[in-house]
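Novice: Order-wise, the sequence lines are chains F and S. Per the working numbering, the first sequence runs over residues 1 to 359. Per the working numbering, the second sequence runs over residues 1 to 438.
Just so you know, these hints were derived from the structure itself, not from any lab. Hints should not be assumed to be uniformly reliable.
Here are the in silico distance ranges between beta carbons for each label pair [stated by the list, open to error]:
1) F:V333 / S:E241: 33 to 41 Å
2) S:L303 / F:V333: 21 to 29 Å
3) S:L163 / F:S193: 51 to 59 Å
4) F:E154 / S:L31: 47 to 55 Å
5) S:T64 / F:V120: 45 to 53 Å
6) F:G195 / S:E229: 43 to 51 Å
7) F:F182 / S:R237: 35 to 43 Å
8) S:R237 / F:G195: 45 to 53 Å
If you only want the chain F side, here are some residues facing chain S, beta carbon under 7 Å, derived [unchecked claim]:
9) P128
10) A131
11) F143
12) D158
13) A165
14) I336
Backbone N, C-alpha and C fix where the C-beta goes; we use that ideal spot for every residue, glycine too.
Here is how the chains run, residue by residue.
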Amino acid sequence: MPPPAATGVKPMRNPLSPASLLEGASESGYVRSLIAGTVGMLALLGVSGLAFPDSVAGDLAGIVFSTSTATSTARLAAPIVLAGLGGIFAEKSGVINIGLEGLLIISAFVSVYAASVVGVGNAVLGVPALAIAFLAGIAASTFLSAVFAVVCIEFKADQIIAGLAVWLIALGLAPFLSTVFFGGVNTPNLGVSVGWQYSATMVVFATAGSWWLLNKTAFGKHLRAAGENPKALDTVGVSVSQVRYAGVLLSGVLSGVGGSALALSIGQFVGSGETMVQGKGFIAIVAYLFGNYNPLGTLGAGALFAGLDAIQIRLQQLGYAIPDTLVQTIPYVVVIVVLTLVGRTQIPEAAGEHYETEE
Amino acid sequence: MSDSAPDGDRTESLLARVVAPFVDRSVAERLVISVAAILLSIVVGFALVLVSGRIAQCSTAAWTMPLTGIGFCYDPIEVYVVLFNGALGYPFAVGDPGLFNPAWTPFNLSFGLTLSETTLLIFTGLSVAVAFRAGLFNIGTQGQLVVGALSTALSVLALAPLLPAGPVAGAVLIVVGTAAGAVGGGLWGAIPGALKAYADANEVITTIMLNFVAANVAYVLVLEVFRAEGSSVVATRYVPEYAQFPSVLFPPSTDFALLALAGGIAFIGALYYFVEHTSLGYDLRTSGVQAAAAEYGGVNAKLTTVRAMTLSGALGGIGGAVWVLMSEGRWMASIPDLGFDGITVSILAGNNPIGVLPAAFLFGVLKGGALEIGFRTDVPTELVAVLRGLIILFVAMPEFFRMIGRYTGVGGTAGGPGGAASAESDASAGGDGGEADA
Numbered sequence: 001m002p003p004p005a006a007t008g009v010k011p012m013r014n015p016l017s018p019a020s021l022l023e024g025a026s027e028s029g030y031v032r033s034l035i036a037g038t039v040g041m042l043a044l045l046g047v048s049g050l051a052f053p054d055s056v057a058g059d060l061a062g063i064v065f066s067t068s069t070a071t072s073t074a075r076l077a078a079p080i081v082l083a084g085l086g087g088i089f090a091e092k093s094g095v096i097n098i099g100l101e102g103l104l105i106i107s108a109f110v111s112v113y114a115a116s117v118v119g120v121g122n123a124v125l126g127v128p129a130l131a132i133a134f135l136a137g138i139a140a141s142t143f144l145s146a147v148f149a150v151v152c153i154e155f156k157a158d159q160i161i162a163g164l165a166v167w168l169i170a171l172g173l174a175p176f177l178s179t180v181f182f183g184g185v186n187t188p189n190l191g192v193s194v195g196w197q198y199s200a201t202m203v204v205f206a207t208a209g210s211w212w213l214l215n216k217t218a219f220g221k222h223l224r225a226a227g228e229n230p231k232a233l234d235t236v237g238v239s240v241s242q243v244r245y246a247g248v249l250l251s252g253v254l255s256g257v258g259g260s261a262l263a264l265s266i267g268q269f270v271g272s273g274e275t276m277v278q279g280k281g282f283i284a285i286v287a288y289l290f291g292n293y294n295p296l297g298t299l300g301a302g303a304l305f306a307g308l309d310a311i312q313i314r315l316q317q318l319g320y321a322i323p324d325t326l327v328q329t330i331p332y333v334v335v336i337v338v339l340t341l342v343g344r345t346q347i348p349e350a351a352g353e354h355y356e357t358e359e
Numbered sequence: 001m002s003d004s005a006p007d008g009d010r011t012e013s014l015l016a017r018v019v020a021p022f023v024d025r026s027v028a029e030r031l032v033i034s035v036a037a038i039l040l041s042i043v044v045g046f047a048l049v050l051v052s053g054r055i056a057q058c059s060t061a062a063w064t065m066p067l068t069g070i071g072f073c074y075d076p077i078e079v080y081v082v083l084f085n086g087a088l089g090y091p092f093a094v095g096d097p098g099l100f101n102p103a104w105t106p107f108n109l110s111f112g113l114t115l116s117e118t119t120l121l122i123f124t125g126l127s128v129a130v131a132f133r134a135g136l137f138n139i140g141t142q143g144q145l146v147v148g149a150l151s152t153a154l155s156v157l158a159l160a161p162l163l164p165a166g167p168v169a170g171a172v173l174i175v176v177g178t179a180a181g182a183v184g185g186g187l188w189g190a191i192p193g194a195l196k197a198y199a200d201a202n203e204v205i206t207t208i209m210l211n212f213v214a215a216n217v218a219y220v221l222v223l224e225v226f227r228a229e230g231s232s233v234v235a236t237r238y239v240p241e242y243a244q245f246p247s248v249l250f251p252p253s254t255d256f257a258l259l260a261l262a263g264g265i266a267f268i269g270a271l272y273y274f275v276e277h278t279s280l281g282y283d284l285r286t287s288g289v290q291a292a293a294a295e296y297g298g299v300n301a302k303l304t305t306v307r308a309m310t311l312s313g314a315l316g317g318i319g320g321a322v323w324v325l326m327s328e329g330r331w332m333a334s335i336p337d338l339g340f341d342g343i344t345v346s347i348l349a350g351n352n353p354i355g356v357l358p359a360a361f362l363f364g365v366l367k368g369g370a371l372e373i374g375f376r377t378d379v380p381t382e383l384v385a386v387l388r389g390l391i392i393l394f395v396a397m398p399e400f401f402r403m404i405g406r407y408t409g410v411g412g413t414a415g416g417p418g419g420a421a422s423a424e425s426d427a428s429a430g431g432d433g434g435e436a437d438a
């Protein structure tokens with residue numbers, strides 16, 4: 001029986017107040033400036049593109065407003081936004097999960113592996129192969145996040161180091177397993193891919209669901225209390241450990257969806273170098289910091305980063321004289337700039353600290 | 001503690017209390033935990049090899065489990081025998097009569113490769129360790145190494161034609177090249193340091209992003225401007241032979257120079273002295289433990305952050321210089337994961353410069369052994385990357401080993417919070433002649 005309110009949970013607005021979705025979204029300055037900035041940039045680009053259709057601006061406007069850019073944005077946004085949402089749950093509960101990248105990597109590989117084992121087009125117990133692939137990816141990511149949770153919560157490990165370990169384990173394990181099963185760090189292509197519509201739908205549902213869970217439920221309240229003032233939560237009789245486990249496992253589930261969506265949207269796992277995930281898990285962290293732990297803000301920031309990536313891919317195809325690799329660098333630089341401008345966000349009071357139950 | 005304690009002492013006691021599990025443990029317990037973590041990751045790796053050997057496809061079983069008769073594609077015992085024995089050049093006679101292989105000398109190819117990796121890992125390990133001591137997670141050693149390596153290669157290539165070929169010019173070029181690597185890596189490391197100090201941008205994220213930026217920008221620079229004529233890979237020209245570290249005693253194909261290893265060990269001593277026995281090093285440690293307390297004690301925490309990251313980057317850059325001047329002879333696009341391995345080395349060493357030496361050697365053995373695994377077995381060499389992650393994970397959870405110690409009664413390591421009082425005073429470990437400051 002959840003108590004009416006975690007008493008003593010300090011600077012929090014009442015989540016049950018009739019705050020509309022929009023109020024919630026524009027509540028933070030970051031989100032407001034993000035929305036204003038993005039809309040402003042797009043408007044400027046659109047106008048200059050219309051005015052000078054033959055210039056770079058014209059080309060760029062053509063790219064930005066083309067459907068193919070939109071579809072690849074949806075595809076690339078899925079891992080960033082979903083992992084970012086997962087990161088919110090973990091960090092709000094007081095566990096900083098820097099291993100999101102590793103969760104994306106492992107789910108990307110396992111989903112492709114599962115699909116190839118079942119065989120595309122086949123079904124198990126009436127469940128089609130691609131759905132099995134998603135479930136397997138989610139299971140793998142959730143398992144790894146459970147390991148991370150036990151290590152952090154039970155064994156009081158340093159969260160940052162354990163998170164790095166999760167990343168490095170996945171960075172080694174996925175290419176290792178790929179070599180075991182397929183004879184190389186890259187898997188063969190499955191020959192099918194999941195359409196961008198599915199990615200976009202999942203992102204929208206996950207964002208709305210996360211927002212609801214965080215702001216409208218007792219669980220969301222407990223989650224925030226576990227991160228801000230675990231002692232208060234303990235006092236009202238809710239187990240801080242359990243809430244934190246739930247938060248970390250949720251980050252595993254959501255990252256699993258994201259990683260699977262990334263790999264299955266191409267139909268292949270690429271394990272060379274930094275793998276196909278290429279830092280999207282870390283970009284996800286910046287996305288939710290930029291969105292100030294608000295799912296809607298995370299969606300916006302994730303779409304922004306993914307959009308940059310999509311534009312970069314299109315620019316390469318148009319054959320501008322800039323080397324591809326340099327253009328690929330743009331999203332990373334933007335992430336650094338954003339992080340510099342955003343600076344310190346309202347990180348949960350007790351995030352990163354181990355909580356000792358007092359009996 | 002007592003009210004009459006001077007400021008320095010007060011910070012020190014605060015430091016002892018707040019310090020993360022890495023510093024406030026006795027050296028002995030840290031050692032036990034590191035060894036236990038390595039053993040545990042070897043056990044988990046064993047299970048992994050076994051399971052994947054069961055699932056993988058092969059015509060004949062490489063290993064059959066006793067009693068059960070189940071066949072496996074990979075032989076997990078052979079993997080580790082090849083890994084450790086092979087990394088040293090097979091000093092132990094496995095399968096043959098006798099314990100030692102009579103034909104073995106320490107100056108063999110495999111051992112040289114292992115020591116070559118060790119040398120490089122000393123620098124990247126020190127790079128991560130120095131930042132860690134200042135409370136900063138420098139995940140960007142990889143990028144700093146890439147930038148440092150490129151500055152080394154370019155400066156040596158630019159300077160070489162101006163000097164008459166010969167050993168004197170070689171010495172000058174090695175010194176200049178190493179300095180250039182330190183400057184390049186240091187500047188690249190200063191960026192996240194400044195962003196952290198003055199804009200509060202989390203250094204974990206910025207350094208990881210800068211790794212991508214460094215790799216991409218260096219690649220484009222070499223591809224477009226500095227690429228060697230007719231080279232099939234993206235690489236610069238080779239630096240002159242006389243400007244590379246000479247391989248003494250070891251076969252030249254090992255890419256190992258005792259001189260570079262000696263330099264690495266000198267750096268370990270210098271850094272140990274710097275961190276433990278200089279006032280700058282003291283500032284570094286205190287601001288790493290409690291920035292507020294350090295400020296209170298008169299330390300400019302922001303400047304210390306920038307300095308620590310610059311020093312860390314410079315060490316990574318020197319690692320890059322050694323990679324160019326000892327291992328590769330040129331800058332090329334596929335730079336190995338030395339920076340990430342440096343994280344493991346540093347964490348395994350408890351972020352103590354002295355501990356970096358055995359940790360780097362252990363990791364050198366893993367890397368050297370990985371090559372042998374590739375030659376002699378079918379097991380993917382990525383196994384070593386998995387072990388790297390597992391070691392970090394296990395070292396990060398000392399509580400787990402203490403629990404096991406308590407259950408099994410082996411608890412000789414029962415450090416507990418009691419050991420915290422003697423926190424920073426493991427300085428007695430060795431006066432260490434010590435070079436000037438680094």
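Novice: Now tell me if each hint is right for this structure.
Specialist: Tested hints:
Checked against the hint of 33 to 41 Å, the pair F:V333 and S:E241 passes, with Cβ atoms roughly 38 Å apart. Between S:L303 and F:V333 the C-beta distance comes to about 26 Å, which sits within the given range of 21 to 29 Å. A beta carbon spacing of about 57 Å between S:L163 and F:S193 agrees with the range 51 to 59 Å that was offered as a hint. Against the hinted window of 47 to 55 Å, the Cβ-Cβ separation of F:E154 and S:L31 comes to about 24 Å, which falls outside the hint.
Between S:T64 and F:V120 the beta carbon distance is about 35 Å. The supplied range of 45 to 53 Å is therefore violated. A C-beta distance of roughly 47 Å is found between F:G195 and S:E229, which places it inside the suggested range of 43 to 51 Å. At about 37 Å, the beta-carbon gap between F:F182 and S:R237 stays in the expected band of 35 to 43 Å. The supplied range of 45 to 53 Å is met by S:R237 and F:G195, whose beta-carbon atoms lie about 48 Å from each other.
Hint status for F:P128 relative to chain S: violated, with the closest Cβ pair at about 23 Å, above 7 Å. Contact between F:A131 and chain S, as hinted, is not supported at the beta carbon level, the nearest pair being about 23 Å apart and thus beyond 7 Å. Because the beta carbon of F:F143 sits about 14 Å from the nearest beta carbon in chain S, more than 7 Å, this interface hint is broken. Evaluation of the F:D158 hint against chain S yields a held restraint, the C-beta minimum of about 5 Å falling below 7 Å.
Against a cut-off of 7 Å between C-beta atoms, the interface hint on F:A165 holds, since the closest Cβ of chain S lies about 4 Å away. Checking F:I336 against chain S by beta carbon gives a least distance of about 5 Å; that is within 7 Å, so the hint holds.
Violated hints, listed in ascending order, are 4, 5, 9, 10 and 11; each of the other numbered hints is respected by the structure.
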